[in-house]
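Enquirer: Chains as they are written, first to last, in the working numbering: chain E, 1 to 151; chain Y, 1001 to 1158.
Watch out, some of these pointers could steer you wrong.
Using 30 Å as the maximum straight-line C-alpha spacing, the simulated DSS-like pairs for lysine-lysine come out as follows [unchecked claim]:
| id | chain 1 | residue 1 | chain 2 | residue 2 |
| --- | --- | --- | --- | --- |
| 1 | Y | K1148 | E | K81 |
| 2 | E | K150 | E | K124 |
| 3 | E | K81 | E | K139 |
| 4 | E | K124 | E | K76 |
| 5 | Y | K1152 | E | K81 |
| 6 | Y | K1152 | E | K88 |
| 7 | Y | K1152 | E | K125 |
| 8 | Y | K1063 | E | K150 |
| 9 | E | K125 | E | K76 |
| 10 | Y | K1063 | E | K125 |
| 11 | E | K124 | Y | K1063 |
| 12 | Y | K1063 | Y | K1148 |
| 13 | Y | K1158 | E | K125 |
| 14 | Y | K1063 | Y | K1151 |
| 15 | Y | K1152 | E | K141 |
| 16 | Y | K1063 | E | K81 |
| 17 | E | K139 | Y | K1158 |
| 18 | Y | K1148 | E | K139 |
| 19 | E | K141 | Y | K1151 |
| 20 | E | K141 | E | K125 |
| 21 | E | K125 | Y | K1151 |
| 22 | Y | K1158 | E | K150 |
| 23 | Y | K1158 | E | K124 |
| 24 | E | K139 | E | K150 |
| 25 | E | K124 | E | K81 |
| 26 | E | K76 | E | K139 |
| 27 | Y | K1152 | E | K124 |
| 28 | Y | K1152 | Y | K1063 |
| 29 | E | K150 | Y | K1152 |
| 30 | E | K81 | Y | K1158 |
| 31 | Y | K1158 | E | K88 |
| 32 | Y | K1151 | E | K150 |
Quick caveat, the hints were computed from the structure, so don't treat them as lab data.
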Amino acid sequence: MDESLDEINRNIINTLQYGFPICDHPFREAAASLNITESELLERIRVMRESGILTRFGPLFNAEEMGGAFSLCAMKIPSEKFDSVADKVNALPQVAHNYQRDHAMNMWFVLATESPEEKLETLKKIELQTGYRVYDMPKEKEYFVGLYLKV
Amino acid sequence: MNTADLDHQIVLATQAGLPLVPQPYQLIAEQLGVETSLIQERMRQMLEDGRIRRIAAVPNHYKLGYVANGMSVWNVPDERVDQLGEQLGTLEYVSHCYRRPRYLPEWPYNLFAMVHGTNRNEVMEKVRRIALLLDEADQGHEVLFSTKILKKTGMRFK
């Protein structure tokens, strides 16, 4: 736990993780519910953004709802080939993130493409360039996204 | 500017965050040359239709001590996956919960839940709690820890 967070900052994080108002003076409104002034709230958010305690302050977009085709993909790569396959996969701009995981399915990456056609093409390209199968695991249903940490 | 263009401009103007000024929506409106009320209306609409999940402060979970996370994957009966997925999604330590396709026989798992904790033991303890909760619906599970970030560009809208 970060000891530098005082009670007010903890309160700000615990409260504003859940939402922030849309109105003419949203900081004033949020500050009132936190029992601080508007300028203090703005200053504290600014400091926490700068120090990295907050990675973001603002709208969280759902990329899928904006259009485009996304998928989580897995590959099973022998350890001696892992680095060269990772280089080929990472070279594609459609690969947004890629993680090595401790499992036979050891490479997990997210594909972000603009259309279902582009997604299929990218999957085929990866299989062709690497010689290994891509297990395409698009989400069929989303039950929850979000992480609310009480501090 | 039509609605779709305006929405796109709002995404571009706010993807780095909301301006930290007393009247952030007014500032965005001035930048885009439209009325503040229109910006507020479009952002409410995007919240309602799900393009914006929420407007919020996002703490850095690493800095808050939550440095361990494991991707738990579960084989549960298809007829119960929705009910169980909803249930796991309400757990405070689960950040993402999805149904995904199986690849039998090598990949029997249809329910994914990302579990967070301050260390691996804590993550494993939470996974045990999920297993207890699922009871006989848990027909097999595994936890995959990440060992290396190979690429992380994040998503940027253009």
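Enquirer: Look at each hint and say if it fits the structure.
Expert: Hints, one by one, checked against the model:
1. Distance check on the hinted pair: K1148/Y and K81/E sit about 16 Å apart at the alpha-carbon level, within 30 Å; holds.
2. A threshold of 30 Å between alpha carbons decides the hint, and for K150/E with K124/E the separation of about 43 Å lies outside it, so the pair is violated.
3. Between K81/E and K139/E, the direct Cα distance comes to roughly 28 Å. Compliance with the 30 Å bound is thereby established for this hinted pair.
4. Of the pairs offered as hints, the one joining K124/E and K76/E holds, with about 16 Å between alpha carbons and a cut-off of 30 Å not exceeded.
5. Taking the CA atoms of K1152/Y and K81/E, the gap is near 21 Å; set against the 30 Å cutoff, the hint holds.
6. Among the hinted pairs, K1152/Y with K88/E is consistent with the structure: their alpha-carbon atoms are about 15 Å apart, no more than 30 Å.
7. The hinted pair formed by K1152/Y and K125/E meets the criterion: a straight-line CA distance of about 20 Å does not exceed 30 Å.
8. For the given pair, K1063/Y sits about 13 Å from K150/E by alpha-carbon distance, which is consistent with the 30 Å threshold.
9. As the CA atoms of K125/E and K76/E are separated by approximately 16 Å, the hinted pair is consistent with the 30 Å bound.
10. Restraint check for K1063/Y and K125/E: the C-alpha separation of about 38 Å exceeds 30 Å, so the hint is violated.
11. Note on K124/E and K1063/Y: the hinted pairing is violated, with a Cα-Cα distance of about 39 Å set against a maximum of 30 Å.
12. A distance of roughly 18 Å separates the Cα atoms of K1063/Y and K1148/Y; the hinted pair therefore holds under the 30 Å criterion.
13. Our distance criterion of 30 Å between C-alpha atoms is met by K1158/Y and K125/E, whose separation comes to about 24 Å.
14. The suggested pairing of K1063/Y with K1151/Y holds, with an alpha-carbon distance near 20 Å, which does not exceed 30 Å.
15. For the given pair, K1152/Y sits about 24 Å from K141/E by alpha-carbon distance, which is consistent with the 30 Å threshold.
16. Simply put, K1063/Y and K81/E have alpha-carbon atoms about 34 Å apart, too far for the 30 Å limit, and the pair is violated.
17. With a C-alpha separation of about 24 Å, the suggested pairing of K139/E with K1158/Y holds against the 30 Å cut-off.
18. For a cut-off of 30 Å, the pair hint linking K1148/Y to K139/E stands: about 23 Å separates their Cα positions.
19. Of the pairs offered as hints, the one joining K141/E and K1151/Y holds, with about 25 Å between alpha carbons and a cut-off of 30 Å not exceeded.
20. For the suggested pair K141/E and K125/E, the alpha carbons sit about 26 Å apart, so the restraint of at most 30 Å is met.
21. Between the alpha carbons of K125/E and K1151/Y the distance comes to roughly 18 Å, so the proposed pair stays at or under 30 Å and holds.
22. Between K1158/Y and K150/E, the direct Cα distance comes to roughly 34 Å. Violation of the 30 Å bound is thereby established for this hinted pair.
23. Under the criterion of a C-alpha separation no larger than 30 Å, the hint pairing K1158/Y with K124/E is consistent with the structure, at around 25 Å.
24. With a CA separation close to 28 Å, the supplied pair K139/E and K150/E stays within the 30 Å bound.
25. Taken as a hint, the K124/E and K81/E pair is honoured in the structure, with Cα atoms around 19 Å apart against an allowance of 30 Å.
26. Under the criterion of a C-alpha separation no larger than 30 Å, the hint pairing K76/E with K139/E is consistent with the structure, at around 20 Å.
27. With a C-alpha separation of about 22 Å, the suggested pair K1152/Y and K124/E falls inside the 30 Å cut-off, and the hint holds.
28. For the proposed pair K1152/Y and K1063/Y, the alpha carbon gap of about 18 Å is at most 30 Å, so the pair holds.
29. A hinted pair counts as satisfied when its Cα atoms are at most 30 Å apart, and K150/E with K1152/Y qualifies at roughly 26 Å.
30. Our distance criterion of 30 Å between C-alpha atoms is broken by K81/E and K1158/Y, whose separation comes to about 34 Å.
31. For the proposed pair K1158/Y and K88/E, the alpha carbon gap of about 24 Å is at most 30 Å, so the pair holds.
32. For the suggested pair K1151/Y and K150/E, the alpha carbons sit about 29 Å apart, so the restraint of at most 30 Å is met.
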